[in-house]
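Could you build the full structure based on these sequences and the hints that come with them?
Protein chains: 2
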Amino acid sequence: MADETGRLTRLNPQLEITHLKPEKRVGLVVVLTGYGKGKTSSALGMVVRACGHGMKVCMLQFMKGDIFTGEWEAVKKLNCDIEIIPTGMGFCGIQGNPYPHPVHREAAQRALNIARERINSGKYDLVVLDEINNAIHLKLVDLEQVIDLVKNKPTLTHLVLTGRDATPEIIELADTVSEVKEITHAYRKGIEPQPGVDF
Amino acid sequence: MADETGRLTRLNPQLEITHLKPEKRVGLVVVLTGYGKGKTSSALGMVVRACGHGMKVCMLQFMKGDIFTGEWEAVKKLNCDIEIIPTGMGFCGIQGNPYPHPVHREAAQRALNIARERINSGKYDLVVLDEINNAIHLKLVDLEQVIDLVKNKPTLTHLVLTGRDATPEIIELADTVSEVKEITHAYRKGIEPQPGVDF
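If you read the protein sequences in the order shown, they are chains A and B. Numbering (this note's numbering) for the first sequence: 1 to 199. Numbering (this note's numbering) for the second sequence: 1001 to 1199.
Read the hints as simulated data drawn from the structure, not as lab findings. If you're wondering where the values come from, they're calculated on a predicted model, not measured in any experiment.
Partial selection, computed: residues in chain B whose CB lies under 8 angstroms from chain A:
no.	residue
1	Thr1009
2	Pro1022
3	Leu1044
4	Cys1080
5	Asp1081
6	Asp1125
7	Glu1179
8	Pro1193
9	Pro1195
Where a beta carbon is used, it is the ideal one built from N, C-alpha and C, also for glycine.
Right under this line is the structure:
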């Protein structure tokens, strides 16, 4: 099952395919915020698209780090120049998490240093800062640090920032901003997180 | 560049990893609707997660089919049992599209037959019906056909339905529904679609 290889099957192979080529290449700043499902998933979708274009990608996952999620295994199965870096010590402040705030902040600061180094190298086509809005909200990184990172990124590097509670300052800096609103969620019916969809 | 392989680098390798195992496995119905960026991307993210769990996946793309998008190439680079099937004749009704409504409807109906066959086989862990809400809205498929598909899916198959203008009836059937609202979008500044982010 898992050793089969993904494939594309066009239902209408006679159809001519257009390859879009923007006259001007732009490194976009994309923000995915809100309380509904589909922010990290959406960032992962862009990672996949970038892979299809042969781009170099780095996804840094703030906050998370202690719960297995499918993309950790999937990235190894992608024959692309993509790195996923879980950087958190679990969710800061969540019940059961044993680490005090300074430990979470130290991890987030180390992560931010890696992000800065990767972004400023100019070698990456797409960098995802997953849950960075949460990290700002919980004061694991400072708003000014992230603003500085966004403002000084190389022109052609796409930057994607996810997480609830994006600040107005971050939204102001972005080219594309989506708010993912929860209309309903399976957990409200008592359904536990399911593999492949929720993690 | 593109011949490197994806990798996972944990910043805190000392951290113990929890593997969530829901007591009850449920095949979820997920709807991603709204006018903002991040519906198909989000579905693609779930496809990636499912790949990480060794699941069998099929993504049928309604409407689309004539414009190259990164996931078409990426899926071939995924060492997973995943198939993407573009089924459309381009965007129905959009300026420049040469095909009359019956041609679009015929393609969508063929696609729906494939979806029905894949879903009812019970062999798939995740089936994505990308842009199906649009296809309903444009009367390429009937609402009743999709309701029938959702209501009669195997218990453990996850079904993801994307596209603007999801009907109340589809939302009512879903476990998790997100509305992706556009706060802003790069095209409003005259920025053309960019590879890796928009396609």
